[in-house]
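Chains Z and S: place on chain A using the hints.
If you want the building blocks of each chain, they are given just below.
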Amino acid sequence: MAETDVAPTANLTEDRVREIIQEEITRAFKKDPAKKQGMLIASKGTLDWAYPPLILATAGAAAGLDMSIFFTFYGLNIVHKDFKKKLKVSPVANPGMPMPVPMPDIVTALPGMTGFATGMMKGMFSKKGVATIEELLDVARELEVKLIACQMTMDVFGYDQSDFIEGVEFGGAAAALSDARRSHLTLFI
Amino acid sequence: MAETDVAPTANLTEDRVREIIQEEITRAFKKDPAKKQGMLIASKGTLDWAYPPLILATAGAAAGLDMSIFFTFYGLNIVHKDFKKKLKVSPVANPGMPMPVPMPDIVTALPGMTGFATGMMKGMFSKKGVATIEELLDVARELEVKLIACQMTMDVFGYDQSDFIEGVEFGGAAAALSDARRSHLTLFI
Amino acid sequence: MAETDVAPTANLTEDRVREIIQEEITRAFKKDPAKKQGMLIASKGTLDWAYPPLILATAGAAAGLDMSIFFTFYGLNIVHKDFKKKLKVSPVANPGMPMPVPMPDIVTALPGMTGFATGMMKGMFSKKGVATIEELLDVARELEVKLIACQMTMDVFGYDQSDFIEGVEFGGAAAALSDARRSHLTLFI
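Line by line, the protein sequences give chains A, Z and S.
Once you know that position 92 of the first sequence is 92 in the numbering used here, the rest is easy, because the numbers rise by one and skip nothing.
Once you know that position 98 of the second sequence is 98 in the numbering used here, the rest is easy, because the numbers rise by one and skip nothing.
Once you know that position 93 of the third sequence is 93 in the numbering used here, the rest is easy, because the numbers rise by one and skip nothing.
Possibly wrong hints are sitting among the right ones.
DSBU-like, lysine-lysine: derived pairs with alpha carbons at most 35 Å apart [stated by the list, open to error]:
1) Lys-146/Z <-> Lys-35/S
2) Lys-86/S <-> Lys-44/A
3) Lys-44/Z <-> Lys-31/S
4) Lys-127/Z <-> Lys-36/Z
5) Lys-127/Z <-> Lys-35/A
6) Lys-122/A <-> Lys-36/A
7) Lys-122/Z <-> Lys-85/A
8) Lys-122/A <-> Lys-84/S
Bear in mind the hints are in silico, worked out from the structure with no lab data behind them.
Model, not experiment: these values are computed from the prediction.
Isolated chain A, as found in the complex (with noise of 0.2 Å):
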């Protein structure tokens, strides 16, 4: 044997290659791929709960995280053509959503009261400079932020395909678990 094959063998002792595979596998879990990935899933339909899913994606993604929204039940909302008038907020269902002025659930439950909440929240969002949901659903689009309509629910509610804005695509519940099992960031909004 020569000199040189054996040299670096030579200091290659059990404790020095414990030591390296420290190295390598302390590298190994900052780089751990779930740490890129997020998977949200969003199950509401309400213009509230519709900014969740959306600010935290669009956050996500400007981060580098490679995201994705699974919407099913109600979150499918969000992503139809129509989600301006679906989306709505209604007061009587939350009494933690801050009012100007408190009222007793029998008035918030009068007719109106709805399209006066979602106003006041469309109102609250805007004024403070925070994007709209259809400009929320611009940038997410924009940083790649995959928008999955979940098929099954879709059947139930009798919606199909061409109910849903450009860039969504289409998926069952098992892809999305499959995405989610990857990633250590997984919440369901």
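This is chains Z and S only, laid out in the frame that chain A set:
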């Protein structure tokens, strides 16, 4: 030293060792045990919100994941022996729920509307060939989805173990979190 | 070369190196830092939904996890100085809430029912020895649970930093997601 003993190590330079480590780490991340488990927390007690944890858990289990559901707060309803009576859906609580005809809140708050909405929801799901809650619970147990009822909230609501369907285990939040911190897929529903 | 230098490498065949790597990787996955952190997003502002993030965060911290809660949207109520007044529970919004006597929606929508339901919820929890929200917040701070209020939604709702209880930090969604992508346990509540 015999040549057969020396030959393998002769090639094990540090570079080669690092290469082997990369292969093994890549393989290890592919079979990361955190990818093979899913932990759902079912916290809601209405008919519509009983579907997502059961559908996701059975879809996950069918795809080979070890799934568990921790039923807590209102979610205890889902595995209560009287779940058929307990799981209702209120249109007043959810302006995101698609209704055949849009109704103002005051109408949806009339007595009887919860019964109507519950019937409509059951009809929509059954017409589309989606399993009933009862069937989904059966499938979950067949696929060995772990069903755990939260002891603390059972105490708060005054339930005892005999109130729950067969196959349910009982445990605390600490045990649920201990499952959750070993899984990528963790959803609070 | 002295025999002592050669001896260790003599046994380091590729098979043995792969064996060592397996041991180290198994050990590394057991102490995967992602298992030691939990990130909760508290988004709801009613009394009943204030319990889950605080109970899960304190249970997790007690079990040795580094927990943080990101309070956003209606969840800001939970750490608002006036949380006792702000956290209410509306029976009309939640047909899943166990009531001593079943009531039709129109009755639960009458003025005063939110107060009644809030009192009932507080009573149920305190009778069973569950800590109050105030106590849970104290425990969370003692266990060094990071409490972060979402700056964007603070702006939307017109809150400023002095509106929040002591110990609360302030941050954006990007920081919250950066915590979340390092944790297995990520829940949107």
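Now for the hints, and whether the structure bears them out:
{"no.": "1", "hint": "Lys-146/Z <-> Lys-35/S", "verdict": "holds (21 Å)"}
{"no.": "2", "hint": "Lys-86/S <-> Lys-44/A", "verdict": "holds (23 Å)"}
{"no.": "3", "hint": "Lys-44/Z <-> Lys-31/S", "verdict": "holds (33 Å)"}
{"no.": "4", "hint": "Lys-127/Z <-> Lys-36/Z", "verdict": "holds (33 Å)"}
{"no.": "5", "hint": "Lys-127/Z <-> Lys-35/A", "verdict": "violated (40 Å)"}
{"no.": "6", "hint": "Lys-122/A <-> Lys-36/A", "verdict": "holds (32 Å)"}
{"no.": "7", "hint": "Lys-122/Z <-> Lys-85/A", "verdict": "holds (25 Å)"}
{"no.": "8", "hint": "Lys-122/A <-> Lys-84/S", "verdict": "holds (27 Å)"}
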